[in-house]
Amino acid sequence: MDDTSLSLVEEQAFQLSRCAIALDNAREAKDLGVLVAALNDNLEVWVAIRSLVMAGDCSLTAETKDNLKKLSEFVAAKTFEGVEKLSDDGIRSLVNINLQISEGMLEGAKA
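Residue 266 is where the sequence shown starts when you use my numbering, and the numbers rise one by one after that.
It should be emphasised that the hints constitute simulated quantities derived from the structure, not laboratory data.
Treat the hints with care, since some could be wrong.
[As the list claims (entries may be wrong)] Within a straight-line C-alpha distance of at most 30 Å, the following computed DSS-like cross-link-like pairs (lysine-lysine) qualify:
#1 343 to 330
#2 330 to 295
#3 334 to 350
#4 295 to 335
#5 335 to 350
#6 350 to 330
#7 350 to 295
[Claimed, not checked] Estimated spans, in silico, between C-beta atoms of each pair:
#8 296 to 276: 36 to 42 Å
#9 373 to 347: 18 to 24 Å
#10 270 to 372: 31 to 37 Å
Glycine is no exception: its CB is placed at the ideal position from the N, C-alpha and C atoms.
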């Protein structure tokens, strides 16, 4: 691995941050098409995180795995509500979850 490569954890943290920015930009723009795309991208990232957590070789604690699984279920539920039912506060919740989990992943990777 060279100095410009990201670890798997760093890549997931980056993707969460990227999706948080896209969701917030879509919310501010009030553009439903952009919001749908941002929600779909975000859901894909959370599906990937859930897959990693469920893998047999995942070294996270049982509590952390459980928390990430629950968050992925929350994100999926919010996404499947549809853009018509998703409020600004709901979008902000998704943004904040992404940013907090991204930060936690990066802090954990440093430890």
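Taking the hints in turn, this is what the structure says about them:
no.	hint	in the structure
1	343 to 330	20 Å, holds
2	330 to 295	34 Å, violated
3	334 to 350	23 Å, holds
4	295 to 335	28 Å, holds
5	335 to 350	21 Å, holds
6	350 to 330	29 Å, holds
7	350 to 295	14 Å, holds
8	296 to 276: 36 to 42 Å	27 Å, violated
9	373 to 347: 18 to 24 Å	33 Å, violated
10	270 to 372: 31 to 37 Å	20 Å, violated
In summary, the structure is inconsistent with hints 2, 8, 9, 10 from the numbered list given earlier, while agreeing with the others.
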